[in-house]
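A.B. asks: Each chain, letter by letter, is given below.
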Amino acid sequence: MMMAAKQKTEKLPMPPLNLWLPAVALGWLVPGGGHFLLKRNGRGALILFSVASMFLFGIMMGGILFQPKTGGLLEMIIYCGGFLGDLASGIFYVFAIWMGYAQPDVAGAVHDYGTKFLVTAGLLNVLAMVDAFDIAAGRKN
Amino acid sequence: MPKVNLSHFEAALLFALFTSIVLGIVSRKTDRDRLEYGLRCFGWFVVALFAIGWAMRLGHG
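Heads up: the sequence lines are chains A and B, in that order. Okay, so the first sequence: first residue is 1 according to the working numbering, each after it adds one. Okay, so the second sequence: first residue is 142 according to the working numbering, each after it adds one.
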């Protein structure tokens with residue numbers, strides 16, 4: 001029983017950087033790109049569809065894109081965390097900023113849902129990047 | 142960019158759909174398991190949506 005517990009906590013060795021970095025970096029820039037690079041086209045296409053749709057709906061619902069703010073602890077967690085979530089959408093975030101998207105923070109359920117959609121699109125892409133890492137490292141098919 | 146004005150229910154359903162697709166893809170090892178898990182996630186999202194919706198309605202009286 002102790003051996004089983006020991007095996008569970010045993011850390012896997014870190015795979016070489018050149019094995020996983022291209023897939024993870026491309027996965028950040030283009031959601032699903034890491035999967036495309038690793039020849040998992042079906043999964044890559046579904047990730048691209050989901051993240052792109054979620055981000056586009058977020059924009060069409062008038063969600064806000066967070067800017068990092070420091071002040072109180074809670075404010076820092078919300079704004080910096082939200083900014084990182086938005087940033088994780090990769091090219092969609094870059095493109096939205098480049099096109100000058102700047103929705104003011106207004107009250108309303110639809111705007112609020114939009115903001116959550118924008119952050120969640122990025123968080124889903126983080127999951128996809130972790131999956132691409134596992135595939136590239138040979139831990140998963 | 143066109144604006145959309147979704148209801149709570151429509152927005153939550155869309156959220157559940159996209160999230161379930163990605164959760165299904167990254168959480169399981171075979172395509173069959175991925176499909177099953179994605180569908181199960183979506184089902185639980187919908188169940189939670191109705192349960193929490195009714196709880197809020199009953200809570201507000």
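No lab work stands behind these hints, which were simulated from the structure alone. Just so it is clear, CB atoms sit at the ideal spot from N, CA and C, and this is done for glycine as well. Please note: incorrect hints may appear among the correct ones.
[Claimed, not checked] As a list, the in silico DSS-like pairs of lysine-lysine whose alpha-carbon atoms are at most 25 Å apart: (1) A:116 / A:11; (2) A:140 / B:170; (3) A:140 / A:39; (4) B:144 / A:116; (5) A:11 / B:144.
[As the list claims (entries may be wrong)] Label pairs and their in silico Cβ distance ranges: (6) A:102 / B:146: 42 to 48 Å; (7) B:176 / A:100: 27 to 33 Å; (8) A:140 / B:148: 34 to 40 Å.
A.B. asks: Next step is simple, just say for each hint if it's right about the structure.
C.D. replies: Each hint tested on the structure:
1. Between residue 116 of chain A and residue 11 of chain A, the direct Cα distance comes to roughly 34 Å. Violation of the 25 Å bound is thereby established for this hinted pair.
2. Annotation: proposed proximity of residue 140 of chain A to residue 170 of chain B holds, straight-line Cα distance about 7 Å (limit 25 Å).
3. At most 25 Å may separate the alpha-carbon atoms for a hinted pair to count; residue 140 of chain A and residue 39 of chain A meet this at roughly 13 Å.
4. Only pairs whose Cα atoms come within 25 Å are accepted, and residue 144 of chain B paired with residue 116 of chain A is accepted, the gap being roughly 16 Å.
5. This hinted pair does not check out: residue 11 of chain A and residue 144 of chain B have alpha carbons roughly 48 Å apart, beyond 25 Å.
6. For residue 102 of chain A paired with residue 146 of chain B, a C-beta distance near 20 Å fails the hint of 42 to 48 Å.
7. Residue 176 of chain B and residue 100 of chain A have their C-beta atoms about 40 Å apart, which leaves the hinted 27 to 33 Å range violated.
8. Restraint check, residue 140 of chain A to residue 148 of chain B: a C-beta distance of roughly 38 Å satisfies the suggested window 34 to 40 Å.
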